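With the hints as a guide, dock the two chains, each given alone in a separate frame, to form the complex.
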Amino acid sequence: MIGYVIRRLLLAIPTLLAMLTMVFILVRLVPGDAAVAMLGDRASAQTLQNLRAQLGLDQPIPVQYVRFVTDMLSGDFGRSMTSGRTVLEEVALVLPYTLELALAAMLIGTLLGIPLGVVAAVRRNRWPDYVSRILSLVGLSFPGFVSGILMLLAFAVWLQWLPVMSRASTDPLSHLRSLALPALNLGLIMTAYIARVTRSSMLDVMGEDYIRTARAKGVKPSKLIMRHALGNALIPIVTVVGLYFGTLIGNSVLTEIVFTRPGLGKLILGALQSRDYTLLQGLMVVFATFVILVNTATDLIYALVDPRVSYAQ
Amino acid sequence: MTDFAISQSMPARQSSPVLRALRRNRFAWIGIGLLALIVLVAIFAPVFAPYDPLKQNILHRLSPPSADFWFGTDSYGRDVLSRLLYGARISLSIGFLSVLIAMVVGSALGILAGYIGGVFDQIVMGIVDVMLSFPTLLLGLMVAAMLGASFENLIIAIAITETAPFARVARAPTIAMKRRDFVEAGRSLGYTPLHIMRVHILPNILSDIVVVASLWMASAIRTEASLAFIGLGALPPTATWGGMIREGFDNILSAWWLVVFPSLAILLTVLALNILGDALRDAIDPKTRSQG
Numbered sequence: 001m002i003g004y005v006i007r008r009l010l011l012a013i014p015t016l017l018a019m020l021t022m023v024f025i026l027v028r029l030v031p032g033d034a035a036v037a038m039l040g041d042r043a044s045a046q047t048l049q050n051l052r053a054q055l056g057l058d059q060p061i062p063v064q065y066v067r068f069v070t071d072m073l074s075g076d077f078g079r080s081m082t083s084g085r086t087v088l089e090e091v092a093l094v095l096p097y098t099l100e101l102a103l104a105a106m107l108i109g110t111l112l113g114i115p116l117g118v119v120a121a122v123r124r125n126r127w128p129d130y131v132s133r134i135l136s137l138v139g140l141s142f143p144g145f146v147s148g149i150l151m152l153l154a155f156a157v158w159l160q161w162l163p164v165m166s167r168a169s170t171d172p173l174s175h176l177r178s179l180a181l182p183a184l185n186l187g188l189i190m191t192a193y194i195a196r197v198t199r200s201s202m203l204d205v206m207g208e209d210y211i212r213t214a215r216a217k218g219v220k221p222s223k224l225i226m227r228h229a230l231g232n233a234l235i236p237i238v239t240v241v242g243l244y245f246g247t248l249i250g251n252s253v254l255t256e257i258v259f260t261r262p263g264l265g266k267l268i269l270g271a272l273q274s275r276d277y278t279l280l281q282g283l284m285v286v287f288a289t290f291v292i293l294v295n296t297a298t299d300l301i302y303a304l305v306d307p308r309v310s311y312a313q
Numbered sequence: 001m002t003d004f005a006i007s008q009s010m011p012a013r014q015s016s017p018v019l020r021a022l023r024r025n026r027f028a029w030i031g032i033g034l035l036a037l038i039v040l041v042a043i044f045a046p047v048f049a050p051y052d053p054l055k056q057n058i059l060h061r062l063s064p065p066s067a068d069f070w071f072g073t074d075s076y077g078r079d080v081l082s083r084l085l086y087g088a089r090i091s092l093s094i095g096f097l098s099v100l101i102a103m104v105v106g107s108a109l110g111i112l113a114g115y116i117g118g119v120f121d122q123i124v125m126g127i128v129d130v131m132l133s134f135p136t137l138l139l140g141l142m143v144a145a146m147l148g149a150s151f152e153n154l155i156i157a158i159a160i161t162e163t164a165p166f167a168r169v170a171r172a173p174t175i176a177m178k179r180r181d182f183v184e185a186g187r188s189l190g191y192t193p194l195h196i197m198r199v200h201i202l203p204n205i206l207s208d209i210v211v212v213a214s215l216w217m218a219s220a221i222r223t224e225a226s227l228a229f230i231g232l233g234a235l236p237p238t239a240t241w242g243g244m245i246r247e248g249f250d251n252i253l254s255a256w257w258l259v260v261f262p263s264l265a266i267l268l269t270v271l272a273l274n275i276l277g278d279a280l281r282d283a284i285d286p287k288t289r290s291q292g
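Residue numbers (our numbering), protein chains in the order written: chain A, 1 to 313; chain B, 1 to 292.
Same shape as in the complex, but just chain B (with noise of 0.2 Å):
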C-alpha cells in the first residue's frame, strides 16, 4: 500500500521520449560510431598494433609514413601508429576515471547541499564557485604541478577541476526535487535523508549529470593532452597523444607525421564526445526535442 502510494506520486522516468529523440539523431550516431570505433581500437591496441609501442629500433628513427610504417616512425624509430594504438588506453581511462570521480563526489555534494540548504549549502556552494573561477586548464597545471605528473595524480588532477560543474547541475534540480509531493510522501513514511536523495532524488536527475559528464569526459581528454605537451603527463616512454605531440614537436620542421596523427587522435576523439554530448542534450532539453 504505501509503495503504491509513492510510486504514484513519482514521476514516470522520463527515458523513452529522450531514446525516441536520440534515435531519430543522425548526427548523434556519428558520435556514438566514432566513439564505438576508439574504444574498441583501444581495448583491442594489442590486436590491431603492427609493432610494441616502445620498442626501438634505431636504423628506422624518422621514416615517413610507408608501406611499413603505416604513421612512420619517431625519433626513437618507435612505430607512430602502435603507439597512438596504445595512447588511446592512457587518454580514454584517464579521460574517463577522472570523470567517473568527478561526477560521483560532484554530485554528491551537489545533492547534499541542495537537500540541506542552510549554511552547509551556502559553503559548498561558496567553494564550487571559486574553484569554477580557476581556468580548468591552470587548476589543473598547478595541481599536477604540485602532487607531481604520474597516471594517478593526473587523474586526480582532472578530477578535481570538474568536481564543481558536477556539484552545480545535481544541486539545482535537487532544491526543485525536494518540495515535489512523492519526496514530501517519503519524508512523512519515516525514509532516512539518505535513502530519499538515493533513492527518490538521484534518479530523476541521472540524466541531467550523464549528459555533463560526457561533454566534461571531453573536457577531460583535453586537459590530459594539454597537460601531457606541457610536460605533466605519464612519464614516458609510455605512449600518451599529448607526449607523443611533445616529442614530435622538437622535430616539427622535418617530421610532420609525429604531431598530425596524434593531434588527429585527440581531435576525433574530443569530436565524438562533443557530438554525443550535445546530442544528449538536445534529447532531454524538452525545447529542442522536437526538431531531432
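One chain only, chain A, in its complex shape (with noise of 0.2 Å):
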C-alpha cells in the first residue's frame, strides 16, 4: 500500500516537468518578446535591453529553460511586474476568497446533485428522472459567466434580495449574504454534474448482481439504495468530483468576475490587463500544480476506498 502511494506520487514528477514545459513554450509564443509585450513598440532599446536582463531573456533559450525549471521546481514562482511582490504572496493573499467560494459550491453540489441522481436512478425513465436530466443538462449548457449574470439580474437586480457586489465582510450574516450568489452559481453548474454522474454510476450498479440477491432476500428497498447500491456508486462519484475540480477553479475565475469578488479571477484578469508576464506565468504554473496534486489526491483516495485497485502494478 505504501509502495503504491509512493509509486503514485513519483508519476506526478513527469508530469509536473511537463507541465512546466509547456509552461515555458507557451509563454515564448508571445509575439516579438514579453519586454516588448509588457512596455510596448514605443520603449527605448535600453529600457527594453534593461528588462529582457531582469527577465532573463538575453540567455539563450536552453539556459533559459534551465534556470526556469530550476527556479520553479526550487518554489520559486517568481514575481509580479506591477506590484512587486511574489507569485505565491499574490496568491496567498486571494486564496481564501476562492477556495471559500469553491468548497461552498462543493458542498452545494454534493448535498443537491447526489440525491437528485439516485431519484432519477431508481424511477429510470419516469418524470422524475426526465426532469432531472433535462435539469442537468440546461445545467451544463450554461458557461459560469452566463449563469451568473442572469441570477445576478434576476436575484439582486429585479427582486433586490442579495447584493449585488460580494464584498469581504467581517459580519458574518452579510459576509453569506455576499456569498450565496456567487456559491449558488457555481454549485448549481456542479450540482447538474454531479446529478448526471451519480445517475449513471448508481445504474451500474443497480444492474449488479448482489442487488438483485439484496433484493431477492427482502431487504428493505430504502436500504437496498442508500447502502447496498449508493454505498458502491459513490466510488466513481468521488473521483469525478475530484476531476471536477480543475473546472470548477475555471468556473470560479468566471464567477469572481462576475460578483466583483476578490479571488484568484481577479488576480488573473489584472494580470491580463496590465501584461503583467511573470505573474500570468507564476498563476500558470500555481495553477496547474494545484490540479495535478489534486488529481494525484484523488486517485490515491480512490485506491484507498475501493479495495479491488491493486496496489502490486
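Calculated directly from the structure, the hints in this document are not laboratory data. It should be emphasised that the depicted structure is a prediction, and the values quoted were computed from it without experimental measurement. We put the CB at the ideal spot given by N, CA and C, even for glycine. Take every hint as true, because none was put in to throw you off.
Footprint (simulated), chain A over chain B, 3 or more residues, beta carbon under 8 Å:
no., stretch
1, 140-148
2, 258-266
Beyond 10 Å from chain B on every Cβ pair, some chain A residues (computed):
no., residue
3, Gly3
4, Val94
5, Trp161
6, Glu208
7, Pro236
8, Ile301
Laid out in C-alpha cells, this is it:
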C-alpha cells in the first residue's frame, strides 16, 4: 500500500516537468518577446534591454529553460511586475476567497446533486428521471458567467434579495449574503454535473447481481438503495468530483469577475490587463500544480476506498 | 481475391443501428432542429437582420425592446437583434473551426500513438495528460493572452485546449483494432502502416470521434463566449455574443436586454449541441441503445 502511494506520487513528477515545459513554450509564443509586449513598441532600446536582462530573456533558450525549471521546482514562481510581490504572496492574498467559494459550491453540488441523481436512477425513464436529466443538461450548458449574470439580474437587481457586489465583511450574516449568489451559481452548475454522474453510476450498480440477491432476500428498498447501491456507486462519484475540481476553479474565475469578488479570477484578470507576464506565468504554474496534486490525491483516495484497485502494479 | 479476403474479415460499419436509434430518439430531434435553426440564422444573417449590426445611432441609444427594435439597442444605439444574428456567425465558425483542427490533430496523434506504441505512445500520452490537467478555460485564457486577441488566435487557443481529449478517444480503440484479424491481414498483404491507419482503422473509430466532436463543440462555444467576456475575444466592433454581454454588463442595472438576449443565444446553442452529443453517445453505446 505504501509502495503504491509512493509510486503514484513519483508518477506526478514527469507530469509536473512536462507541464513546466509547456508553460515555458507558451510564454515564448508571445509575439516579439515578453519585454516588448509589456513595455509596448515605443519603449527605448535601453529600457527593453534592461527588462530583458531582468527577466533573463537575453540568455540562450536552453539556459533560460534550465533556470526556469530549477526556479519553479525550488518554489520560486517569480515576482509580479506591477506589485513587486512574489506570485505565491499574491496567490496567498486571494486564495481564501476562492477556496471559500469553491468549497461552498462543492457542498451545494454534493448535497443537491447526489439525491437528484439517485432519484433519477431509481425512477428511471419516468418523470423524475426526465426532469432531473433535462435540468442537468441545461445546467451543464451554462457558461459560468452567463448563469451568474442571469442570477445577478434576477436576485440582486429585480428581486433585490441579495447584494449586487460581494465584498468581504466581518459581519458573518452579510458575509454569507454576499457569498450566497456566487456559491449558488457555481453550486448549481456542479449539481448538474454530480446528478448526471450519480445517475449513471447508480444505474451501473443497480444492475449488479448482488443487488438482485439483496432484493430477493427481502432487504427494504430504502436500505437497498442507500446502503447497498449508493455505497458502491459513490466510488466513481468521488473520483469525478475530484477531477471536476479544475473545471470548478476555471468557472470560479468567471464567477468572481461577474460578482466583483476578490479571488484568483480577479488576480488573473488584473495580470492580463496590465500585461504582467511573469505573474501570469507563475499563476499558470501554481494552478496546474494544484490541479495535478488534486488529481493525484483523487487517485490515492480512490485506491483507499476501492479494495479492487490492486497496489501491485 | 485479396480485396475479397479483407472485406470478409472487416467488421460491417455499424451505422445503421446507430441511425435507427437516433431516429427513435425524440430528444435528439429537438437538438438537431434547434441547431439547424441556429445555423440557418447564421448563414442568412444579412437577410434576417433588420439593421446594420455596426451602424451606430446615438438618438436611439439604450432603447428597450420595442416594435422598431425587437431586442432593444445598446449604448451606441446599435440594434441588438442584428448584432445577435451576426454574432452567431462568429460563435459558430470559431466553434466549428477550432474543433475541426483539434479533431484532425488530436485523432491523428491518438491513432499514431496507439498504432506505433512504445516510447512514442508514452511521450504523446504524457503530453496529453498534462494538457488535460489544465482547466480548459484557463489554458485557453493563457494561450489567447500570450498570442494576443484576434479571430485566428482564438481558434488556435481553443483548438489547443481541445486536442488532448481527441487523442485519448482515438488511441484506445486503435489499440484494440490493431490486434484484429483484418488489420493483421492488411499488414501481411504489405500495406503501409499509413494505409492501414487511414483505410482500416480510421473508418471504424470515426463514430466515436464524431460524438466527442459534437460535445466539444459545445465546450468550444462556451470557451469562446467566456474569453470574449473576459476581453480576449474577436476585436470590437465585431459582434460576438460574449463580447455583447461584456459591453452590456456595464449597463446591467438599467438595460437588462443587453445581457439577457445574448445569454439566451449562447445557452440555446450550447444546449442544442449537448442534446445532440448526448443522443449520439447513447445511440453508439450498445448498452443504452435499446432504450432509445
